[in-house]
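Q: Residues per chain, in single letters:
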Amino acid sequence: MICLGLFAYKAVNPDGGTDGLLHGNPMFFFKEVGSVMVAALYAFVFTYIMLVIIDKITPVRLTTSEEETGLDEVLHGEQAYI
Amino acid sequence: MQWDTGNIGFMLVSTSLVMLMTPGLAFFYGGLVGRKNVLSIMIQSFVSMGVTTVLWAICGYSMCFSGSYGDAANPDILGIIGNFNHAFLMNMGPTTPFPASPTMPLIVFVAYQMMFAQITPALITGAFANRVNFKAYLVFLVAWLLFVYFPFAHMVWGGGILQKSGVLDFAGGIVVHCIAGMAALACVFFVGRRRVQDKGPHSIPLVALGTGLLWFGWYGFNAGSELKVDPVTALAFLNTDVAASFAAITWLIIAWIIEKKPKFVGLLTGSIAGLAAVTPAAGYVSTATAILIGIIASIVCYYAIWLKNKLDWDDALDVWGVHGVGGSWA
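Listed in order, the protein sequences are those of chains Z and A. Per our numbering, the very first residue in the first sequence carries number 1; after that it's consecutive. Per our numbering, the very first residue in the second sequence carries number 1001; after that it's consecutive.
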């Protein structure tokens, strides 16, 4: 998204495209950078909160002994390789 | 109504190509983990093909693409999420045209976008490999689509607030890679480190098979995002391949210099970094720029993974480093 904000070039896509910072359109660059920062923060925070809540309903993490046995056997009762 | 069979045919093929990326991702991740944890990570991708389709038909399509910000006749909800006019895919039929490209039926777009919704949550699974319960994953899959994916698909592509304010994202730099990568990082912080470490990738040939399917499918992902056939479609196609190739070779060279051997997994990871990086820009930049994006993507992602290792974050299969950083950067 940052490179797009820098390098976007309306001449290659006159109908849908726009110019980026290097083609004289700093506003577009700031929009791209701003939106990617908002998206990153939102995704991080919401995902974390979601996992905290899910963990109260059903445990998210497996135990050490389950990890040692391997998830294929523990969770699915199947093996990739015999 | 005069249908454009070229557009419809191309978009249906693109839809099929994007569909194939989710099994590709399953092979990519399946090869990277140890031999006792292969099925558990592969099923996390495959199950998304089923669960996401169910959710998409019930309310997902409608929450992403029904209504738009500032439209008095058919408003969305606060510019963040769509309304429920198309819940259960109601109020549309085979002959309903797609508004942005009226020579194509709307249901083609419904199917095409559904494939994006399937692969995006599956991308996250690489971060918490080998340590998450399947039941919890299923709840996570549904919740993440409802509260993260659908709002961003609407805001950026579905007539939401970001699209209306002029933000461009050709095929999913924000909607797919940035949010999946950052969600992956949140998962790593929440679940913590693996207590039992894999000895390394159990099958690099499987990783190569997965990369091949992903790269092939990415033509549908990026070129198809023009939603019709015109010169921009061809530009996006070529830019996709060029960025992937330059990124793959750049990564190979970096690995050869720093790790002393031309690592195959490095070549494969580099190509995915390039593909993720060119995704938002594919139809908006010249091919010379796509070359630059590919090269920069590999350098930036390589050092993001180096930083991750230094900080001891157990993002098992580098979802944040490749998709989060790659998609956000380029």
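I should point out that these hints are in silico values taken from the structure, not numbers from a laboratory. Since this is a predicted model, take the numbers as computed values, not measurements. Among the hints, a few may not be true.
[Claimed, not checked] Heads up, simulated DSSO-like pairs for lysine-lysine below, C-alpha to C-alpha not over 30 Å straight-line:
hint, chain 1, residue 1, chain 2, residue 2
1, A, 1308, Z, 31
2, A, 1228, A, 1135
3, A, 1228, Z, 31
4, A, 1164, Z, 31
5, A, 1199, Z, 10
6, A, 1228, A, 1260
Q: Hint by hint, say whether it matches the structure.
A: Hints, one by one, checked against the model:
no.: 1; hint: A/1308 with Z/31; verdict: holds (28 Å)
no.: 2; hint: A/1228 with A/1135; verdict: violated (39 Å)
no.: 3; hint: A/1228 with Z/31; verdict: holds (26 Å)
no.: 4; hint: A/1164 with Z/31; verdict: holds (11 Å)
no.: 5; hint: A/1199 with Z/10; verdict: violated (49 Å)
no.: 6; hint: A/1228 with A/1260; verdict: violated (45 Å)
Hints 2, 5 and 6 from the earlier list are contradicted by this structure; the remaining hints agree with it.
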